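> Between the sequences and the hints, there should be enough to build the whole structure, so can you do that?
Chain by chain, the residues:
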Amino acid sequence: QKEVEQNSGPLSVPEGAIASLNCTYSDRGSQSFFWYRQYSGKSPELIMSIYSNGDKEDGRFTAQLNKASQYVSLLIRDSQPSDSATYLCAGLISSGSARQLTFGSGTQLTVLP
Amino acid sequence: KAGVTQTPRYLIKTRGQQVTLSCSPISGHRSVSWYQQTPGQGLQFLFEYFSETQRNKGNFPGRFSGRQFSNSRSEMNVSTLELGDSALYLCASSPGLLSSYEQYFGPGTRLTVT
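These protein sequences, in sequence, are chains A and B.
Residue numbers 104 to 216, in this note's numbering, belong to the letters of the first sequence in order.
Residue numbers -4 to 109, in this note's numbering, belong to the letters of the second sequence in order.
Everything labelled a hint here was simulated from the structure, so no lab data went into it.
Note that this is a predicted model, so its numbers are computed, not measured.
Just so you know, even glycine gets a beta-carbon here, dropped at the ideal spot from N, CA and C.
Accuracy of the hints is not assured; some may be wrong.
With a straight-line cut-off of 30 Å between C-alpha atoms, the simulated DSS-like cross-links for lysine-lysine are [claimed, not checked]:
(1) A:LYS170 - B:LYS8
(2) B:LYS8 - B:LYS52
(3) A:LYS145 - A:LYS159
(4) A:LYS170 - B:LYS52
(5) A:LYS145 - B:LYS8
(6) A:LYS170 - A:LYS159
Derived contacts from chain A toward chain B, CB cut-off under 10 Å, selection only [what the hints assert, rightly or not]:
(7) PHE137
(8) TYR139
(9) GLY157
(10) ASP161
(11) LYS170
(12) LEU191
(13) LEU195
(14) SER198
(15) GLN203
(16) LEU204
(17) PHE206
(18) GLY207
(19) THR213
(20) PRO216
Quick look at the structure:
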């Protein structure tokens, strides 16, 4: 069972709209979550990290974490064609003293001009 | 600050050969993690090194190994290459602090096994 699940998409939104990307996780002990953006042929780029329940805003990006529902989301306001990429959700899974990031399979976002 | 660097960027090897990939983390970062990315399996964790010690290992066969040097640079080695090892190998560095686990990825090494 995959520990981090993402709605696989693909997702298309018109330019200027809000893109909503969602992620659920199975490990209730997970404390930290991250959103990465990966352009085709490039490596993942960290865009948001969230450690506590609630919303965290950074420019056009808002990450939301709901630990009771084991749900993480990323909202992109005023979407631009340059936001077209695959978005990866990652959760920090701890096992004793060992920790690792577990990634979802990614959601491909296309912003249409 | 310079980002994470990985060498080589591209590599073509034959089945049965071995390969060594190198990663230099962001200055001051002490943790280096390695991932394999394929279209079918996505991003999969290989291992993490911190202060020259392997701190965690993913579910990969023993053909995959790594090490970290005192300057935090890391190498990973894959022996007896198989066709299925063709993938993008990504290195990510992190300060390694327990309070933060933000990882920053290098450009990756694209390995093709023929």
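> Looking back at the hints listed earlier, which ones does the structure fail to meet?
As far as the earlier hints go, 1, 9, 10, 11, 19 and 20 are violated by this structure, in ascending order.
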